[in-house]
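Using the sequences and the accompanying hints, generate a full structural model.
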Amino acid sequence: MSEHLNWVTHFEEGKYDLAILHVDQQCLLENLGKSKVFRQVYSVVKGKVPVIVINHGTPVYPEMFIQLAQMDGYRVTEEAAEEWARVKMRKLLDGVDEMVVNSHEAQKMWGWGQTIIHGLDPNEWWDLRKEPRVVTFISPAGIGDKYYGRRLFSDTRVLLKEEYGVESLWIGQDVFIRDWDDYRTFIGKSLVYFNPTIGSPMPRSRSEAMMSGCCVVTTPYQDADTFIQDGVNGFLCKNNPEDAAKKIADMIFNYQEAIKIGKKGRETAIKLFNKERYQREWLELISKVTSKNIC
Amino acid sequence: MLEEKLKGAILLFEDWHSKKYIGSSRIRGHWLIKNWDKVLPYNSTLESFVQGQKYDFVIFQKTYWLDFVKKFEGIKILDFCDVDWLDTVPVIEIIDNCDAVTTSTEALRDEIKKFTDKPVVCIPDRQDLEFHNLKKKHEGRAKMVVWFGYSHNSKVLDKTILFLKKYNLKLKVISDVRPPYMKADKNVKYDWGNPEFDFNKEVLEGDMVLMPENTRARGRFKSNNKTLTAWCLGMPVATTPDELVKFLDPEERKKEAELRLKEVKEKWSVELSVKDFKNLIEQLKNDKRRR
Numbered sequence: 011m012s013e014h015l016n017w018v019t020h021f022e023e024g025k026y027d028l029a030i031l032h033v034d035q036q037c038l039l040e041n042l043g044k045s046k047v048f049r050q051v052y053s054v055v056k057g058k059v060p061v062i063v064i065n066h067g068t069p070v071y072p073e074m075f076i077q078l079a080q081m082d083g084y085r086v087t088e089e090a091a092e093e094w095a096r097v098k099m100r101k102l103l104d105g106v107d108e109m110v111v112n113s114h115e116a117q118k119m120w121g122w123g124q125t126i127i128h129g130l131d132p133n134e135w136w137d138l139r140k141e142p143r144v145v146t147f148i149s150p151a152g153i154g155d156k157y158y159g160r161r162l163f164s165d166t167r168v169l170l171k172e173e174y175g176v177e178s179l180w181i182g183q184d185v186f187i188r189d190w191d192d193y194r195t196f197i198g199k200s201l202v203y204f205n206p207t208i209g210s211p212m213p214r215s216r217s218e219a220m221m222s223g224c225c226v227v228t229t230p231y232q233d234a235d236t237f238i239q240d241g242v243n244g245f246l247c248k249n250n251p252e253d254a255a256k257k258i259a260d261m262i263f264n265y266q267e268a269i270k271i272g273k274k275g276r277e278t279a280i281k282l283f284n285k286e287r288y289q290r291e292w293l294e295l296i297s298k299v300t301s302k303n304i305c
Numbered sequence: 038m039l040e041e042k043l044k045g046a047i048l049l050f051e052d053w054h055s056k057k058y059i060g061s062s063r064i065r066g067h068w069l070i071k072n073w074d075k076v077l078p079y080n081s082t083l084e085s086f087v088q089g090q091k092y093d094f095v096i097f098q099k100t101y102w103l104d105f106v107k108k109f110e111g112i113k114i115l116d117f118c119d120v121d122w123l124d125t126v127p128v129i130e131i132i133d134n135c136d137a138v139t140t141s142t143e144a145l146r147d148e149i150k151k152f153t154d155k156p157v158v159c160i161p162d163r164q165d166l167e168f169h170n171l172k173k174k175h176e177g178r179a180k181m182v183v184w185f186g187y188s189h190n191s192k193v194l195d196k197t198i199l200f201l202k203k204y205n206l207k208l209k210v211i212s213d214v215r216p217p218y219m220k221a222d223k224n225v226k227y228d229w230g231n232p233e234f235d236f237n238k239e240v241l242e243g244d245m246v247l248m249p250e251n252t253r254a255r256g257r258f259k260s261n262n263k264t265l266t267a268w269c270l271g272m273p274v275a276t277t278p279d280e281l282v283k284f285l286d287p288e289e290r291k292k293e294a295e296l297r298l299k300e301v302k303e304k305w306s307v308e309l310s311v312k313d314f315k316n317l318i319e320q321l322k323n324d325k326r327r328r
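Here the protein sequences come in this chain order: A and B. Just so we're aligned: 295 in the working numbering is position 285 of the first sequence, and the numbers increase by one with no gaps anywhere. Just so we're aligned: 257 in the working numbering is position 220 of the second sequence, and the numbers increase by one with no gaps anywhere.
Just so you know, not all the hints are guaranteed correct.
Think about it this way: if two alpha-carbon atoms lie no more than 16 Å apart in a straight line, the pair counts; the simulated EDC-like pairs of lysine to aspartate or glutamate are [unchecked claim]:
1. K171(A) with D124(B)
2. K172(B) with E242(B)
3. K150(B) with E267(A)
4. K270(A) with D240(A)
Covered stretches of chain A, going by a simulated chain B footprint (3 or more residues, C-beta under 8 Å) [to be verified]:
5. 69-82
6. 165-174
Bear in mind the hints are in silico, worked out from the structure with no lab data behind them. From a predicted model like this one, the values you see are computed outputs, not experimental measurements. Ideal Cβ placement from N, Cα and C applies to all residues, glycine included.
Laid out in structure tokens, this is it:
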């Protein structure tokens with residue numbers, strides 16, 4: 011991190027030119043710890059320095075939002091729950107200078123914000139000789155089954171085993187990773203990466219897998235269908251375990267083809283998740299936000 | 038000048054994993070060692086791997102000891118009888134560090150060829166004709182069919198149950214019975230360590246062996262070693278309903294048993310596998326010399 015950027019434990023007035031805060035849809039649950047932290051910090055910095063909020067999530071959180079929306083008089087549907095979340099987030103972030111989101115779809119879903127897709131350094135991700143295995147790295151914790159596509163994931167795993175005889179690995183659950191080097195070695199040696207997420211905007215684990223030359227099989231949501239060309243630099247699967255399992259198994263049993271597609275995926279990742287572009291977009295935004303406030 | 042004999046070893050799956058009486062180690066390990074000196078050329082020896090010994094070649098029977106493979110400078114052969122990578126076992130690095138790969142089936146060979154340019158040779162599971170040394174005497178209409186194997190594979194029997202009832206045939210299952218096959222009339226547990234347990238006699242209590250086609254996901258990679266075992270014992274193997282009906286007749290069973298026993302002696306003797314391994318080692322030795 012540059013010298014003039016610092017993580018700070020608490021805000022001291024007059025010492026900083028800009029605050030960058032983190033938020034996601036869980037912050038709409040008032041009693042949740044991270045929600046409290048965000049609200050407290052934002053109330054302290056609001057009006058004192060320009061504020062950019064990075065919103066890591068989307069309004070997809072039906073397990074909680076349907077009920078909360080209903081209590082506020084909304085219909086009992088996922089769409090209504092998302093609308094409720096949109097309104098609540100807007101209110102929560104009232105007064106921020108910009109909300110940065112991770113995908114164009116997330117921007118559309120929230121109805122505002124600026125998309126800055128993450129950037130990675132290609133040299134930090136290793137395209138190693140591939141083991142014919144399929145891996146996934148999604149959060150096992152808490153609610154968010156639709157957000158992470160956990161049901162699709164577990165059904166696909168069962169089908170892979172029963173129909174194709176293929177065991178799959180869930181990083182963090184089936185595989186213990188010691189440190190970052192261990193992680194990028196493991197991912198770099200994995201032939202196929204399966205991303206089942208539905209609501210998660212631009213999962214970084216998928217980008218890391220693409221950068222590592224894994225053949226990615228992914229759901230098409232949150233912009234994935236704009237940069238994955240099915241069968242060229244990865245695979246798009248429906249929210250359907252039969253489709254996902256078939257595409258994964260096809261690649262496990264077509265090693266050379268999977269290698270070829272994985273290499274194409276890495277080329278895409280180098281272009282799309284470009285570190286320079288990422289840094290430039292952030293500098294432009296910071297410059298815009300800070301100069302606006304000076305004027 | 039006389040060339041010194043190559044000293045070789047086979048690292049058995051059952052030793053490496055502290056298990057006993059593993060079928061693949063018997064077929065692809067012990068039987069090779071037992072028959073090694075019976076087959077030309079006599080320019081090498083083979084023993085079960087002993088730590089600390091110096092070897093000219095090592096066969097890794099379904100054992101993935103990467104650290105040793107990386108350091109060992111002799112001839113290294115990695116022997117597969119299962120699609121272990123589908124169980125997430127890392128195999129690529131060890132294949133890259135071996136000189137050749139052997140497989141128990143052609144389907145396995147074809148799959149592994151996708152990963153490597155090294156020699157991949159199918160050396161099928163074959164039989165030590167002295168091991169299954171009893172022979173079935175076929176008399177009267179068949180009354181009982183036998184299936185044997187690991188119990189997790191016994192699901193293949195489900196589709197045969199109604200048919201067996203229709204022809205009034207009892208089903209005997211010989212397996213590790215974890216769990217027992219509940220639809221069988223008789224479950225017998227493998228008990229290789231017990232001198233009272235006689236696998237051959239257990240099989241011969243039936244009139245034929247039932248071996249329905251394994252349509253499960255990994256079925257195509259499986260070898261025919263159970264069929265060969267049955268044939269060694271003079272037991273016909275029914276794989277389809279038509280064959281099962283045909284083998285109700287004792288004369289048909291006798292005819293089939295004689296035919297298959299002849300086939301086993303000609304094509305499926307483990308001595309042929311010894312020959313295959315010796316040829317491969319010779320080829321690898323010459324390749325190393327040329328390099």
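Each hint tested on the structure:
| no. | hint | verdict |
| --- | --- | --- |
| 1 | K171(A) with D124(B) | 9 Å, holds |
| 2 | K172(B) with E242(B) | 11 Å, holds |
| 3 | K150(B) with E267(A) | 14 Å, holds |
| 4 | K270(A) with D240(A) | 13 Å, holds |
| 5 | 69-82 | violated (count 0) |
| 6 | 165-174 | holds (count 4) |
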